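Protein chains in written order, with the numbering used here: chain E, 21 to 263; chain R, 1063 to 1679.
Hints are computed from structural coordinates only; laboratory data are not their basis.
Heads up, some of the hints might be wrong.
Stated by the list, open to error - Below are the BS3-like pairs computed for lysine-lysine, each with C-alpha atoms no more than 25 Å apart in a straight line:
(1) K1382(R) with K208(E)
(2) K1279(R) with K1257(R)
(3) K1218(R) with K1279(R)
(4) K232(E) with K1420(R)
(5) K1382(R) with K1428(R)
(6) K1218(R) with K196(E)
(7) K1382(R) with K232(E)
(8) K232(E) with K1426(R)
The structure presented is a predicted model; accordingly, all values stated were derived computationally and were not measured.
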Amino acid sequence: MKTFVSFAILLLMTRALFAADPSAQFVKANQEYAAGDFQSAINDCEELVRSGQDAPNLFYNLGNAYFRQRNFGRAILNYERALLLNRHFAEAQANLRIAQDEARALELSPTRWESWFAVANENQFAVAAVFAFWIGMSAIAIFVFNRRRSFLALSILSLSIFAIAIIGVCQLGHGKNGNGLAIVTEDKVEARIATADNANRVLTLPAGSEIKIVSQRGDWIYAALPNNLQGWMPAKSAEQVRM
Amino acid sequence: MFRRILILAPIMVAATQFAIAASPSVTAVLSDSQPQIGQMVQLQIKVNGAQSANVPETISVDGLEIHQTGTSRQFEMHNFDVTSSVTYNYTVLPQKAGQFKIPPQTVRVGNDSLKTPELVLNVAQGSNRSSGSSAQSGQAAVGSKLVFAELIVAKKDAYVGEMIPAEIRLGFDTRAHGRLQEGPELSAQGFTTQKLQQPRENLETIGGRSYQVYTFKTAIAAARPGNFEIGPVTAKAMIVLPRRPSTTPRARPRSPFDLFNLDDPFADPFFNDPFGSMGERTELPIKSETAMLTVKQLPPNAPANFSGAVGNFTMKVDAKPKMVQVGDPITVASTINGRGNFDRVTGPVLEDERGWHKYPPSAKFKQDDDVGISGEKTFEMVIAPNEKKSAVPSLVFAYFDPIKENYVTLRSDAVPITVEGGAASAASVAAAPSTSAAAATPNVTAAAPAPIAKPQDILYQMNDLGRVGSFTPVYARKVFWLAQFAPLILLLGFVGWKIRQAKIDNRDARRLAALQHESVELLRQLRRAELSPQEYFSNASRVVRVKTAIAKNINPNAVDAEVAAKAFGLSENELAQMRTLFERSDELRFSGGGNGADKISPAERDEVLRLLESLPA
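With the hints as constraints, model all of the structure from the sequences given.
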């Protein structure tokens, strides 16, 4: 009896240790991937994701496992997530390109403004905006009390940078890679002109295609589609990149 | 400057609009250019951009009787832009057959003199219209009715699916104040009918009577072959008739113009004096005659991609972008333009789909007319090359032309593009003119298997989990906004400190100003002779205190002779004088009187004043 209790405690402790150590589970998922057990690797990675481990490497490996299963929609979704967390993730960029080619996925084209602001991401623009704002406000305060023109010039410059950075945040936040970006996870999804299965088709989207969710009505989402089209599609057929 | 611009801008806009409005134009139209003898036609001269104009009362053309009948004015407002126009109506009564030209008429608008275009009227001899199958009753018959309905179908025979324009005309005698209650409805079994559009309204004189005519346009298309009876058109109208007593139908005298006691309800004098008695509103059904149409089956040898389009069409095709990678999407836009049943016009198809991945097209229709027979339908199809290609293949669209009575296949030119990456297609290798061997043995080259692009493999796994990030943008996190308190507090602290400093500086300045003012005032009083010794020495010692307080920024009450002497660096003699001054002042203040005289001698006064004035302020 004593042995049984000790074994049970040991087992629970091992499990708790495993659950508490995401790195161990990550290593386990990698071993499963190497052994060709892609489904187990996916399950482990998904569990880590659910536990809040939003690491670029985790999403990248998860994307690879889905790619091996030829589930290009989910592979692209996870590569996109990895790139959202680390925009300079070269491996994720390369694998994303391969997955998109394989899936013949359609991509949203960025607006001209988005192309201009592509030098940094939303977070970098937000931080720049904050710094510029406080420098500008301080310069205004000093100018008010000291009447030195150099502080006036500094405040104008800082607030101009602040304005540009805010525009950058807005453009990127509402643009192609913004909050609404979603990936079609099922293949040959029909976008329609209305929320009905028999409504006229707007576009057939291969798995992995990029869409931008505009609104949701019940089980349907209204999305901006590639080729400057818009249409309704089942909500379950696409998943938002931002979790 | 900005204020000036703000004031000037609306003035300039208004002036521009006035300038635009101040350039009137004139148009002239005939309601029918091919009438028969005796059939009244309406001529309208419309002057845009004016509220009145001088037009000729009558227009003389040999064989035509033209009289002005009325004027109507319209005002329209679009985005605060008001436009006005005036329309002059004429009736044209053809008196003989032939071609007539109504010459340009001079219309004077203010100082401008405008000319209408020349109009041509072909007056037919016969009683029926040329080719159209018409269910309209004769004008003479119409002329005796209060209301009438006509169905005009443009053709007598057509093909299945062919769109045939049709016109429904409902006329109301103007004296009956007719109003459409229901309809019109067109019954046509085996036909599809386009939705009736808003009617065109005009005034026509038929058989000597004036009718308000509403013209509805539509189009019909037969779903199967056979002989069909189209119509009748039915509608219900509400009209106003004169009320007559049932017992004495002729109690009211007839109109003096109704000499022959015709059965005309409007011969009643009620219509000469509409305010003399009340009219009776009556609902009246309207029904037109039917029209016959023979519908033929389409010929059997339809092309493979024929989708049922009947009419006359042209096609334009373009593809964008022109330079892509293998697998990249290309949008092929094809526009089908023309006249026909656009609801059956489907997107053109690729003549050769090999090596292309295609997606279903989207379609947009823009109609040019009221009923949707004429217009252009644009299809956007996304295609992606699976291999190297030099052009987007031809697009093919087939339709049946009812005039030529055969099928027509439109084939676009191939759109040259550049596809980079991937393997060249077998067809393009075969077509390459650079190798003579390939040209000599095209079949062998074409039959050779195209090199298959080896699928790329994805990169390796990551071995460590790495840094955990967040999808939430930095500005949506609480910590980001909490962090803003630090610079906010710093800034507010700085501003508060500066404000306090300024206030302190301000208080000191006010104190100094008050002391200086007090010093000046006291010296002024001391220079006067009327002060008592007590007041004099009290004021004098106060001047010393105040001046010392100004010089050393200290409390004046804390100043005595030594402090003052130290502050101003006085000599021993001056110090002694200062001591005496303070002693006298205290003595007089505390004892209530001095040991000396009641008045101060002028010498003593001068001595004290010199001492006080020697102290720097």
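Report the numbers of all earlier hints that the structure fails to satisfy, in ascending order. Hint check: 6 fails alone, others pass.
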